[in-house]
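With chain U's structure known, arrange chains F, S and C on it following the hints.
There are 4 protein chains.
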Amino acid sequence: MFGIDDTEFIRGDVPMTKQEIRVLTLAKSHLTADAIVADIGAGTGSITVEAALIAVRGKVFAVERKLEAIELIKRNVEKFSVANVEIIRAIAPDGLNALPELDAAIVGGTGGQLDEILSALDTKLKIGGRIVVNAVTIQNVVKTLDWFHARDWLVDACQIQVTRLRQVGQLDINQALNPVWIIAAEKIRGDDSATVV
Amino acid sequence: MFGIDDTEFIRGDVPMTKQEIRVLTLAKSHLTADAIVADIGAGTGSITVEAALIAVRGKVFAVERKLEAIELIKRNVEKFSVANVEIIRAIAPDGLNALPELDAAIVGGTGGQLDEILSALDTKLKIGGRIVVNAVTIQNVVKTLDWFHARDWLVDACQIQVTRLRQVGQLDINQALNPVWIIAAEKIRGDDSATVV
Amino acid sequence: MFGIDDTEFIRGDVPMTKQEIRVLTLAKSHLTADAIVADIGAGTGSITVEAALIAVRGKVFAVERKLEAIELIKRNVEKFSVANVEIIRAIAPDGLNALPELDAAIVGGTGGQLDEILSALDTKLKIGGRIVVNAVTIQNVVKTLDWFHARDWLVDACQIQVTRLRQVGQLDINQALNPVWIIAAEKIRGDDSATVV
Amino acid sequence: MFGIDDTEFIRGDVPMTKQEIRVLTLAKSHLTADAIVADIGAGTGSITVEAALIAVRGKVFAVERKLEAIELIKRNVEKFSVANVEIIRAIAPDGLNALPELDAAIVGGTGGQLDEILSALDTKLKIGGRIVVNAVTIQNVVKTLDWFHARDWLVDACQIQVTRLRQVGQLDINQALNPVWIIAAEKIRGDDSATVV
Numbered sequence: 002m003f004g005i006d007d008t009e010f011i012r013g014d015v016p017m018t019k020q021e022i023r024v025l026t027l028a029k030s031h032l033t034a035d036a037i038v039a040d041i042g043a044g045t046g047s048i049t050v051e052a053a054l055i056a057v058r059g060k061v062f063a064v065e066r067k068l069e070a071i072e073l074i075k076r077n078v079e080k081f082s083v084a085n086v087e088i089i090r091a092i093a094p095d096g097l098n099a100l101p102e103l104d105a106a107i108v109g110g111t112g113g114q115l116d117e118i119l120s121a122l123d124t125k126l127k128i129g130g131r132i133v134v135n136a137v138t139i140q141n142v143v144k145t146l147d148w149f150h151a152r153d154w155l156v157d158a159c160q161i162q163v164t165r166l167r168q169v170g171q172l173d174i175n176q177a178l179n180p181v182w183i184i185a186a187e188k189i190r191g192d193d194s195a196t197v198v
Numbered sequence: 002m003f004g005i006d007d008t009e010f011i012r013g014d015v016p017m018t019k020q021e022i023r024v025l026t027l028a029k030s031h032l033t034a035d036a037i038v039a040d041i042g043a044g045t046g047s048i049t050v051e052a053a054l055i056a057v058r059g060k061v062f063a064v065e066r067k068l069e070a071i072e073l074i075k076r077n078v079e080k081f082s083v084a085n086v087e088i089i090r091a092i093a094p095d096g097l098n099a100l101p102e103l104d105a106a107i108v109g110g111t112g113g114q115l116d117e118i119l120s121a122l123d124t125k126l127k128i129g130g131r132i133v134v135n136a137v138t139i140q141n142v143v144k145t146l147d148w149f150h151a152r153d154w155l156v157d158a159c160q161i162q163v164t165r166l167r168q169v170g171q172l173d174i175n176q177a178l179n180p181v182w183i184i185a186a187e188k189i190r191g192d193d194s195a196t197v198v
Numbered sequence: 002m003f004g005i006d007d008t009e010f011i012r013g014d015v016p017m018t019k020q021e022i023r024v025l026t027l028a029k030s031h032l033t034a035d036a037i038v039a040d041i042g043a044g045t046g047s048i049t050v051e052a053a054l055i056a057v058r059g060k061v062f063a064v065e066r067k068l069e070a071i072e073l074i075k076r077n078v079e080k081f082s083v084a085n086v087e088i089i090r091a092i093a094p095d096g097l098n099a100l101p102e103l104d105a106a107i108v109g110g111t112g113g114q115l116d117e118i119l120s121a122l123d124t125k126l127k128i129g130g131r132i133v134v135n136a137v138t139i140q141n142v143v144k145t146l147d148w149f150h151a152r153d154w155l156v157d158a159c160q161i162q163v164t165r166l167r168q169v170g171q172l173d174i175n176q177a178l179n180p181v182w183i184i185a186a187e188k189i190r191g192d193d194s195a196t197v198v
Numbered sequence: 002m003f004g005i006d007d008t009e010f011i012r013g014d015v016p017m018t019k020q021e022i023r024v025l026t027l028a029k030s031h032l033t034a035d036a037i038v039a040d041i042g043a044g045t046g047s048i049t050v051e052a053a054l055i056a057v058r059g060k061v062f063a064v065e066r067k068l069e070a071i072e073l074i075k076r077n078v079e080k081f082s083v084a085n086v087e088i089i090r091a092i093a094p095d096g097l098n099a100l101p102e103l104d105a106a107i108v109g110g111t112g113g114q115l116d117e118i119l120s121a122l123d124t125k126l127k128i129g130g131r132i133v134v135n136a137v138t139i140q141n142v143v144k145t146l147d148w149f150h151a152r153d154w155l156v157d158a159c160q161i162q163v164t165r166l167r168q169v170g171q172l173d174i175n176q177a178l179n180p181v182w183i184i185a186a187e188k189i190r191g192d193d194s195a196t197v198v
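Chains as they are written, first to last, in my numbering: chain U, 2 to 198; chain F, 2 to 198; chain S, 2 to 198; chain C, 2 to 198.
This is chain U alone, in the form it adopts within the complex (with noise of 0.2 Å):
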C-alpha cells in the first residue's frame, strides 16, 4: 500500500512533504521493489518509509542534516517496520560519495546545494536512473531544470497546487497549500557523451 496519510507520521516542528506531493514524487522516481534509493534532505522521514514499502528488496539511503530530524526519521521506521533504510547524517553533498549505485534519488531539501547536490548524485545514478527534484521557489526550479536541460536529461515537470476541502459545517472550506514543483529526470546516457552547455 502506498498514500500513508500526513497524520500516520510522526512528526516534530520538522516540515513534512504533504501527501499529494509525497505520492507523486514516488510515482514520478519510477520505484520497483529493488530499488537502491537515496532520499536527500529527509526530513521526517515520510518518503523515506513509503520509498521503503515500495522498494522492498532494494535500500533506500536517508541523508539528512539535522538532529531532531534524524530522530523522527528513526522513530518513523521504526513505526511503519521498514527494515531496508539506513540513515546518513551529512550536509549533502557531503556524505554522497559513501552511497552504491543508485536507481532514483529524491531531492527534497538542498540547503542551498542544489547543483553539488545533484552533480554528486549523478555519478551515482545508473542510466536509465532517475532524480525528483521538489521545489517550493521559483528560483530553484529554474535551476533544477537549467541543470537537466543542459546535460540533456529526459525532463517531467509539473506545479502541483493541492486545496483541501475540509467540512465546516453544512460547508466545505477550501485550504490552499502553497503549490511545489516537482521536476523528475531520467539520465538517459552516461557523462562522457552529455552536452554540457
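Mixed in with the good hints, there may be bad ones.
A short list of chain F residues far from chain U (calculated; beta carbon distances all over 12 Å) [stated by the list, open to error]:
#, residue
1, G13
2, H31
3, K67
4, L68
5, A91
6, T124
7, K125
8, I128
Below are the DSS-like pairs computed for lysine-lysine, each with C-alpha atoms no more than 30 Å apart in a straight line [claimed, not checked]:
#, chain 1, residue 1, chain 2, residue 2
9, F, K19, C, K19
10, U, K80, U, K67
11, U, K127, F, K19
Label pairs and their computed distance ranges (CB to CB) [as the list claims (entries may be wrong)]:
#, chain 1, residue 1, chain 2, residue 2, range
12, F, Q114, C, I174, 16 to 22 Å
13, S, G170, F, G191, 51 to 57 Å
14, F, L155, C, E69, 54 to 60 Å
15, C, E69, U, N179, 49 to 55 Å
16, U, T8, S, K75, 40 to 46 Å
17, F, A151, U, I174, 14 to 20 Å
18, U, R167, S, G112, 55 to 61 Å
19, S, G112, C, R190, 46 to 52 Å
Keep in mind the hints are simulated off the structure, nothing from the lab. Cβ atoms here follow ideal geometry from the backbone N, Cα and C, with glycine treated the same way.
This is chains F, S and C only, laid out in the frame that chain U set:
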C-alpha cells in the same frame, strides 16, 4: 512500480485520467496487494491497469458502457499483462449487483447517476473500505460530499490543479490542466447505524 | 486610481477581501461613475471604498450586520474621503427593501441567506445591471449558479487562485491564498419573462 | 468603467491578455487620470485601450513590433474611441528612447530582451512610478525579480491561476487558463543611489 506515464497507455478518443490524478486517486484508495476493486467508468482502463498492478493477488472489475472504451481497456490490459481484471459492460449502477464484496471503488464517470452508483457500491463495500470519486464539476463535488457527509463517512477531499512545464527553447511554458477534485471516503460502519439525513 | 493595497485599509480582526479579488470583483461589476451600488456583507469596507471611488457621482450602500465591522467601514470611508457611501446596519436580506434602484450589487457575505439576498437584490436591480458574488465554498458557488441559471441571467464565473511571492533572502517563497470564486451575472430581462425552474 | 470583456476587443490571431490578468495588471500599475504610460508588447491593444480609458487626461504609448498587431491596436483604439494613444512600431528596447517621462510601464511581451527593456524603461520612469511585468514562464519571472531586487525596487509579485466555469447542461465545466505571474515594482529612488548587485 506505479505511476505509468500517460503516453504508455493505448488511447483513442476516449478521455483519460491524467497521470497525476490517476496516481493520487490510487493512493487515496489505499489498495493492498489483495484488494478487490471496482473501477466505475473505466474509460481507457488506465486506472484499472494500475490498480491491477497494485492488487496483484486481488482483482479489479472495470465497469464501462462504451464499446470503444471497452476495446481500449482490453488492449491496455493486454499491453501491461495484467491477468486480474474483469471487464463488465454495463451502464452503472446496472451491473454493480454482480460484483463481489469490495475493498475499494473508484468512480471516474457516472453518466449522471452519481447517487445511484454510490448507493450500489455501498452495498458491496466492506466496512473500512474506500470509495474515491474523481469529479470535474463543482456540482458533482457537492453531490458526492453530500452523499458521504450524510452517512458519516470519513472524508478526505481535495482539488488538484496540475500545471505541466514543457521546454520550448530556453524557456519552460506552463500548460494548466483542468482542475480535478478527488473525494476519498472511508466507510467506518455498516448501514444499520448510518445516520442518513 | 483603483487597486488600493490591502495594507492601506484599516483592518481589525474582520476578514478582508484580498486586493486581487477586490479588483476583479469590481471589474466584473461594470461600475460606471454614476453607478448606484450595494455592497452586501461589507466587512471592512474595502470594496465599498473602491466602489465609491469609481462611482464618484453615484452612491454605494454598505450593508453589514456586525458592529465591529461597521466601525471599520466608517474609519475606511473617512480615511479615503469618500462622501458617497451610506452604511446600513442590517442582517441581509433585511434592510435591502430600503435600497433604491441599483446598477450593481456585490455580495461578499451572506450569513447563509444567499437565495433570499439574491431575490431581494433582484427586485432592486435594473435590467442590464449586475450582481457579483464572491464565494469561498463550492456549496455557495453551486447555489449561486443555480439561482442565476434558473433565471437565465448572463453568467461569467471563475475560480481565482492567487499565490503571492515574498522575497526571503535570495529566494521568493510562494504563499497560496485560498481560492475564491467570482460569479458575475447580468440581468438581461425583467421578472415577468423569467423562466424560473 | 474598467474590466472590458475579452469578446469586446477585435482580435485576430494575435494572443491577447485575458480580462482577469488585464484588470489586475492595470490595478497594480496604480494609474491615475493623468498618467503617462508605456505598454510594451501591446499585442491587440487591449491593455492599451483600458489604460487609456483610465488615464483620460494622460497618454498611453503602445510599443509593438508586429504589423498585424499594430493594425489590431489601431482598430481597437478606434472602436473604444480613445484619443490619448500613440502607437510606436519598434522592437523594444528600440523606440523607448523616444518616450517622455513615464508614470508607469506595462511589459507584456519582451522578445527575449527583458533586461534591456527594463533598463530602458528605468531611464524614463519617475521615482514613485511603477513597472508591471506579465510573465508566463518561470525563467522570465526569475529574471524580472532579479532585476527589481538588485535595484531595491518595492516588489509586489503573484501568480494568478484563473479557471473559468462554463455552463454545459446542468453542470459547470472548469476550464483552466494557463497561470500568469504579475510582477509589479515601484521605483523608490533614483539611479544614483541604486544598489546594483
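Right, here's what the structure says about each hint:
1. G13: holds, 23 Å
2. H31: For F/H31, whose nearest Cβ neighbour in chain U is about 6 Å away, the distance does not exceed 12 Å, so it is violated.
3. K67: holds, 27 Å
4. L68: Holds, because the least Cβ-Cβ distance between F/L68 and chain U comes to about 31 Å, which exceeds 12 Å.
5. A91: holds, 29 Å
6. T124: Since the minimum Cβ distance to chain U is about 25 Å, F/T124 lies beyond 12 Å and the statement holds.
7. K125: holds, 20 Å
8. I128: holds, 18 Å
9. F/K19 x C/K19: Holds, at about 26 Å.
10. U/K80 x U/K67: holds, 20 Å
11. U/K127 x F/K19: It holds: about 28 Å lies between the C-alpha atoms, which stays within 30 Å.
12. F/Q114 x C/I174: 16 to 22 Å: This hint holds: roughly 19 Å between Cβ atoms.
13. S/G170 x F/G191: 51 to 57 Å: holds, 55 Å
14. F/L155 x C/E69: 54 to 60 Å: holds, 57 Å
15. C/E69 x U/N179: 49 to 55 Å: This hint is violated: roughly 40 Å between Cβ atoms.
16. U/T8 x S/K75: 40 to 46 Å: holds, 45 Å
17. F/A151 x U/I174: 14 to 20 Å: Check passed, 18 Å falls within 14 to 20 Å.
18. U/R167 x S/G112: 55 to 61 Å: For S/G112 against U/R167, whose Cβ atoms are near 20 Å apart, the range 55 to 61 Å is violated.
19. S/G112 x C/R190: 46 to 52 Å: holds, 47 Å
When each numbered hint is compared with the structure, violations occur for hints 2, 15, 18.
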